[in-house]
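The hints should help you fit chains B and C onto chain A, whose structure is shown.
Protein chains in written order, with the numbering used here: chain A, 1 to 199; chain B, 1 to 336; chain C, 1 to 639.
These are calculated hints, taken from the structure and not from any lab test.
From the three backbone atoms N, C-alpha and C, an ideal C-beta is built for every residue, glycine too.
Keep in mind that a hint or two might mislead.
[Said to hold, decoys possible] Result set (DSS-like, lysine-lysine): computed pairs, CA atoms no more than 27 angstroms apart in a straight line: (1) B:K112 <-> B:K124; (2) C:K80 <-> B:K285; (3) A:K167 <-> C:K632; (4) A:K89 <-> C:K362.
[What the hints assert, rightly or not] Chain A residues, not near chain C, derived (Cβ > 12 angstroms throughout): (5) Q50; (6) P60; (7) L73; (8) L98.
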Amino acid sequence: MRQRPAEDVSGLPTTGFGASSPMWWGTLGFITLEGTGFALAIGAYLYLRQVSDQWPIGAPAPEHWAGTAMLILLLASLWPNVMADRAAKQMQLGRVRLWLIVMSVIGFLTLAIRGLEFLQLQVRWDDNAYGSITWFVLGLHATHLITDLGDTLVLAALMFTRHVNEKRFSDVSDNAFYWYFVVATWVPLYAVLYGVPRL
Amino acid sequence: MRGGLRVTGGMAAAWLLSACSGPQSALDPQGPHADNLARLFWIFTVISAVIWLAVMVVLVLGLARRVPNRLDPLALEPRAERRSLVVVGGAVVATALTVIALTALSYFSQRKLFARENPGVTVKVTGYQWWWDVRYESESPDRTFTTANEIYVPVGVPVTVKLTGYDVIHSFWVPSLTGKQDLIPGQDNEIQFVASRPGVYRGQCAEFCGWQHAHMGMFVVALPRPEFEAWAEAQRTPAARPEDAEGQKGAELFVSKACVMCHTIRGTSAGSRVGPDLTHFASRKSIASATLPMSRGNIAAWVVDPQGIKPGVNMPNVSIAADELDPLVSYLAGLR
Amino acid sequence: MTTFEKATHLDVRDTDLGQAELHARLLRTWRTGSSLLDRLSSVDHKVIGRRYIITAFAFLCLGGLSAMAMRMQLAQPEAKLIGPDLYNQLFTMHGTTMMFLFAVPVMEAFGVYLVPLMVGTRNIAFPRLNAFSYWVYLFGGAFLWISFMLKIGPDVGWFAYVPLSGPDFSPGKRTDVWAQMITFTEVSALAVAVEIIVTVFKLRAPGMTLDRIPLFVWSMLVTSFLIIFAMPAVMVASTMLILDRLVGTHFFNPAEGGDALLWQHLFWFFGHPEVYIIFIPATGMVSSIIAAFSRRPVFGYLPLVLSLIAVGFLSFGLWVHHMFVTGLPQLGASFFTASSMLIAVPNGIQIFCWLATLWDGKPIFKTPLLFVLGFFFIFVIGGLSGVMVASVPIDTQVHDTYFVVAHFHYVLIGGAVFPLIGALYYWFPKITGRLMDENLGRWNFWLAFIGFNVAFFPMHILGLQGMPRRVYTYLPEMGWGPLNLLASVGALLLFISFVLLLLNVMISVARGAIADDNPWDAGTLEWATSSPPAPYNFSRVPFVTHREPLWDNRDALPVVTGLSVDSRELISGTVTEAFPQHRESSPAPSIWPLLAAIAVGAAFVASIFTPWAVVWGSIPVAIALVGWFWPKDTPEDEK
Chain A
1 MRQRPAEDVS GLPTTGFGAS SPMWWGTLGF ITLEGTGFAL AIGAYLYLRQ VSDQWPIGAP
61 APEHWAGTAM LILLLASLWP NVMADRAAKQ MQLGRVRLWL IVMSVIGFLT LAIRGLEFLQ
121 LQVRWDDNAY GSITWFVLGL HATHLITDLG DTLVLAALMF TRHVNEKRFS DVSDNAFYWY
181 FVVATWVPLY AVLYGVPRL
Chain B
1 MRGGLRVTGG MAAAWLLSAC SGPQSALDPQ GPHADNLARL FWIFTVISAV IWLAVMVVLV
61 LGLARRVPNR LDPLALEPRA ERRSLVVVGG AVVATALTVI ALTALSYFSQ RKLFARENPG
121 VTVKVTGYQW WWDVRYESES PDRTFTTANE IYVPVGVPVT VKLTGYDVIH SFWVPSLTGK
181 QDLIPGQDNE IQFVASRPGV YRGQCAEFCG WQHAHMGMFV VALPRPEFEA WAEAQRTPAA
241 RPEDAEGQKG AELFVSKACV MCHTIRGTSA GSRVGPDLTH FASRKSIASA TLPMSRGNIA
301 AWVVDPQGIK PGVNMPNVSI AADELDPLVS YLAGLR
Chain C
1 MTTFEKATHL DVRDTDLGQA ELHARLLRTW RTGSSLLDRL SSVDHKVIGR RYIITAFAFL
61 CLGGLSAMAM RMQLAQPEAK LIGPDLYNQL FTMHGTTMMF LFAVPVMEAF GVYLVPLMVG
121 TRNIAFPRLN AFSYWVYLFG GAFLWISFML KIGPDVGWFA YVPLSGPDFS PGKRTDVWAQ
181 MITFTEVSAL AVAVEIIVTV FKLRAPGMTL DRIPLFVWSM LVTSFLIIFA MPAVMVASTM
241 LILDRLVGTH FFNPAEGGDA LLWQHLFWFF GHPEVYIIFI PATGMVSSII AAFSRRPVFG
301 YLPLVLSLIA VGFLSFGLWV HHMFVTGLPQ LGASFFTASS MLIAVPNGIQ IFCWLATLWD
361 GKPIFKTPLL FVLGFFFIFV IGGLSGVMVA SVPIDTQVHD TYFVVAHFHY VLIGGAVFPL
421 IGALYYWFPK ITGRLMDENL GRWNFWLAFI GFNVAFFPMH ILGLQGMPRR VYTYLPEMGW
481 GPLNLLASVG ALLLFISFVL LLLNVMISVA RGAIADDNPW DAGTLEWATS SPPAPYNFSR
541 VPFVTHREPL WDNRDALPVV TGLSVDSREL ISGTVTEAFP QHRESSPAPS IWPLLAAIAV
601 GAAFVASIFT PWAVVWGSIP VAIALVGWFW PKDTPEDEK
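The shape of chain A in the complex, shown without the other chains (with noise of 0.2 angstroms):
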């Protein structure tokens, strides 16, 4: 078919951040289906709650300071993030690399607190429902800390090389706004496995 011009996209540049690039979209995506993978833990653990005659079953409330510490450093991180996605935005190597490592570091914290917690739940995983889904929901928020300390790791070791550029800051950026999501997501978790069986 014979083509006839009617626009030009030349001048347009080849990476951006936030909404205007495809991979935050995608990041989206991804937070929005692991989003409802947590909301639909929290709801079969309020279900066994609600059919059983006490809760939590043949334990008591889990010690909740390793899950307060958790909490804390959660959203203190949030500015060290802060930090990270801004010196991203605006193409900073030195800022960036120095974001990046201080969120590593306190990737390795998260680690070992969840560790204590999982220690503190006072219940196994093949005890009881109540354990089984204690034990589902805390591993389910584990597993996120661990990609996530992955993936930021990645991204602090190529800040280092050679490749360095645009779709790499972009990259940053992404990876601060899933943090975001982690972050977000305990907040709930925290109250339920730790306020719901005081209640």
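Coordinates of chains B and C only, in the frame set by chain A:
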């Protein structure tokens, strides 16, 4: 195309009417609950058929009508588009009204179905892989009794059936009396029906429950009240000791072979609850959950080779010597 | 000079190139090579889409053969052809294959192939993820069927209710295979859903505002949202089932605080939207075919789009209608009757709009339209029997009987498979460059139509006569023999019609009439490319001025200039207006998606034997993912 539609419609009607008969038909109601459901079904069917026919007529007319060739697919006539809008809008409103009406009809029928009266008889049915444990409840413990795979009820009296599953989910369904409900482990469900006439009504498990789901049937037998009471009284008595030598030999075999591991026969030392209660086994109309009609020959066939008749069933093939079979069968056939 | 500054220096754009040189350069940039490694590394959505379609139809074959075996066994009472163990495996394999390995993947496959073409872009978003999702799907399906051949295939139905599917009553690995296959296919479907959403939101050709998006693309967009919100439910459920079976959790064990109905809620929260995931793309196919074969745009574009969205939303509010006989509170159940009947309204809007289009248009009775007409006949019956089962009282009689089997085959085969076959005839010339045979097409249609109705209509009656589902046989005195025999004969006819379809495909690929760019004179953008399309789809990205671009611009297609020809570039724009924002680079071929799929597949399979496989398996997966995302020295990675 139109002729084909008429033929199809006629065949459909004929087929539908043929569904009214049969030993387990939902369209052959024998009680007020099933009757309520059958009526609702017919109303929905007639309305659905009319709607479907209307859609087909519009489709066929639309395809058949003469339309001038349109050189430019985008050259639409605004008046025709507006007309279509009005018609489609009207059809949507009609659909919404129909849906509301059908929902309301369904709701009223549902309330009737689940309304509860004071029961004349209460039975607790527990679903096992692949048989029904039936326990008649009573305020006085000495008047309770257990049977299996058959539920006798008095005619014209509300019967409450409590439902629970022992192992996996089963479903209690006697179509000529009422709709089905599941037997779920860890949950207590309940259903109620009335049998309007004396008769034998067949039911079947309607939730896939493993190997022999296909052969998990049951009978509901409705009797006039006095006959029902007589039956219940007979069921309450323990098994009578056999009078003849053959029967006595059979009784000894029963408790010395594997049979005693799974079955209860009240009045003997056999007291296991793994399998169906056999105290009045021969009074039943069928063997192996409505799989075989009750007869000496079928008792023998079942006892010798249950795996051949219902592969996978929990009753193992027990070795029975040639001279042991007749006494055993005589004994079982005497458990009336 | 940084790498990206270097790239711009060598960057030739398409603005002033002649057609021949443009084609040559773009071909070099976008083509998939012919070596085995090249073909395994392809990230071309058309290559992957074709693979998906062929694989899905292969699973249709396997699912159909299972059904034929079942129908032969049921043709007579107490037939001794197939015993209960094999029969239970067959109906499980039939349902599981049709739902997870055929119906959803084939609709996604058509989306993967057609959506980028219809929105006027050069590749799907996240092309390597697309390749990955195909391999994961293939491995999951192979895992299921190989297990079946090895006699460790599942036998608890496609819905695997607990406690039957739990550790106590389904020992061994059979149910674990089923549960893990779910994980494979859901990962695959979720990935494709994200790709399609991002493609439709961000990669549309400039000028394709929301109200110029083709109806098929809208249907794939809505479907993708359904996938994102529904599939996590079945993944949560299947993961909990594996955990109960493998490591002793008690999610579904009532003795330790678990609940058998938790499974049903989670499964059906997915299961009901699942059938709309299958049906909604088919409605998009119907819209496309009706427009082309009535020679006018579909009537009621806006009501149709709003109906698609309404159906999508409503489909999440129906799931309890699968649980009407489990003893739930009655008031709650009535709500679900109302919502289940309410969905008839937006579905009805679609039917009425299509009828209005056919009324006003001049129909061309080629095979695609025949299958659409078959859809009307069959699907409306299915929809109306659906209104019947939506009623709690009626459902207490027909639930779990052959009446329901009839209902869902009427809506799935009538509502999805018939449009799918029509779509195959319709888009075959675009995909292969040849037309399918019309004569064989008519035979195909009539055999399928008659065979289907003879097979499934009697089942309505069998259900009312008391025949439950999922039974390997039935007693002769029930009187179900004659209708079962009739149904089996019909099934045979239906099966033969699919053999005819396969024959038509094979003959046409070899010797079919050569098709030009737009053999049906349709209006949407995929028909502006060659048949089959070049690897780069469009030599210049179109500029869209109308909902039916080719009908609006019959003499010359307006295009956008300025994209690079020596690196893979496409245009990303705003979500609502498609104002161009970036020249987006599209990843080059890569073997890493296949390697990652192998690592993920191995971890999934091993994890049904030991939970430690998740820990150890994550190492190769991590390595593969790093390999995937680590930038290579290609122009696309350095921009």
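Ascending list of hint numbers which this structure does not respect:
4 and 5
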